[in-house]
Amino acid sequence: MTLWVLMAVLAGALVGLSRQVNGRLALSLSPLGASFWNHLVGFLALAAVAVLAGGLLVGVATTGRVLPPGLADAPAWAWAGGPIGVLFVAAGSWLIARIGAANTALLVIAGQMLSGAALDTLRGAEGLGWRALGVALILGGVGLARSGQR
Amino acid sequence: MINPLPRPVARLRPLPLLAAVGTGGLLTLMVLCNAEVGRHAGPLMASLVPHATGTLAAGVALAFLRPRRAGGPAPRWAYLGGLLGAVTVMLTSVTANTALALSGTLALGLLGQVAFAQAADRWGLLGLPRRPATARDVGVMALILGGSAVIILGAGA
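Note that the protein sequences, when read in sequence, are chains E and D.
Start counting the first sequence at 1; every next residue gets the next number (this note's numbering).
Start counting the second sequence at 1; every next residue gets the next number (this note's numbering).
Note that these hints are calculated values from the structure, not bench results.
Keep in mind that the hints are not guaranteed to be accurate.
Said to hold, decoys possible - To give an idea of the chain E side of the interface with chain D (calculated C-beta under 8 Å), a few residues: (1) Thr2; (2) Arg24; (3) Leu27; (4) Leu29; (5) Gly42; (6) Ala45; (7) Val51; (8) Ala76; (9) Ile84; (10) Gly92; (11) Gly111; (12) Thr121; (13) Gly124.
What the hints assert, rightly or not - Cβ-Cβ distance ranges computed for the label pairs, FRET-style: (14) D/Asn97 x E/Leu133: 26 to 34 Å; (15) D/Ala35 x E/Ala132: 21 to 29 Å; (16) E/Leu128 x D/Ala70: 42 to 50 Å; (17) D/Trp77 x E/Gly127: 37 to 45 Å.
Glycine included, each C-beta is placed from N, C-alpha and C at the ideal position.
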């Protein structure tokens, strides 16, 4: 259990570290350029894993298909995750140099939680009371970030 | 973490604030899309496919927009941020299937992310500006993390 907790915390820290690294690259290139390299390097690493552990090439050789079974059934909108991710990484690299790592992390988390709560409510998910309380606290935090001197 | 010297607390300007909150909204959409890929083709594809389409999309956007090079050369390690994303995906796909489940993975991940960000601001890690936290920043952190914990853990209650 301790190992899993450490792994989950480490995963979060790596999200912060990668934003910091991409933010540094954006200082030299541009936020979009940093996002491009982030996706290219991530793709190459994951493709290597797919070949080594996932038997990607074996699958291609035996079935003659590049795309794994099931992927063709995914709806077209599911493919939008990549382009949205490009915007996400570029925005993070732009923000971190302007408002700092902590503000970027916290406000992005706030936006994620608020939009997720809205989506869950639209879908009629249970637990509306907890969600409303959480949303109120988060909005309070965002409002506090707007307070202070100009 | 609280800066011992009193100094004016600059409030965030509306544009970066709205951009940051909107970026979090993008993350919700991205997770939705990638999870749908994963439901059809497995967890590895849920990360490999968006990295492939993202590389293409960013390449096309760079070719059309041709953004101006912002500064001097970047250190080589700065090109390796993508490796961290790949490792993150592998870690969370393991922990989400343990007793921590998705909610525990999410909540602990937020903690790790904010703890790292505090350290990064305090010491100006990896060549970005130093930005010590103020008492106001600590309040913002408590409210946003507390609210997130209520939403994540309340959903499982």
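Range hint 42 to 50 Å: satisfied by the CB atoms of leucine 128 of chain E and alanine 70 of chain D?
At 45 Å between Cβs, range holds.
Is the shortest C-beta separation between glycine 111 of chain E and chain D less than 8 Å?
holds, 2 Å
Hint check: 8 Å Cβ-Cβ cutoff, arginine 24 of chain E to chain D:
Since chain D brings a Cβ to about 5 Å from arginine 24 of chain E, closer than 8 Å, the hint holds.
Using the nearest Cβ pair, does glycine 42 of chain E come within less than 8 Å of chain D?
Cβ of glycine 42 of chain E sits 3 Å from chain D, so the hint holds.
Min Cβ distance, isoleucine 84 of chain E to chain D: is it shorter than 8 Å?
Constraint on isoleucine 84 of chain E satisfied, holds at 4 Å.
With a cut-off of 8 Å, does the beta carbon of threonine 121 of chain E approach a beta carbon of chain D closely enough for the hint to hold?
With a minimum Cβ separation of about 11 Å from chain D (threshold 8 Å), the hint on threonine 121 of chain E is violated.
Check the following: the C-beta atoms of alanine 35 of chain D and alanine 132 of chain E are separated by a distance inside 21 to 29 Å.
Given a distance of about 25 Å, which is inside 21 to 29 Å, the answer is holds.
Holds or violated: is the Cβ of valine 51 of chain E closer than 8 Å to a Cβ in chain D?
violated, 11 Å
Can the suggested window of 37 to 45 Å be confirmed for the beta-carbon pair tryptophan 77 of chain D and glycine 127 of chain E?
holds, 43 Å
So, leucine 29 of chain E near chain D? Judge it on the closest CB pair being under 8 Å.
Check passed: Cβ of leucine 29 of chain E comes within 6 Å of chain D, closer than 8 Å.
Just to be careful: measuring from the Cβ of alanine 76 of chain E to every Cβ in chain D, is the smallest value less than 8 Å?
violated, 10 Å
Status of the hint placing threonine 2 of chain E at chain D (closest C-beta pair under 8 Å)
violated, 11 Å
The structure is inconsistent with the numbered hints 1, 7, 8, 12 and 13, although it conforms to all the rest.
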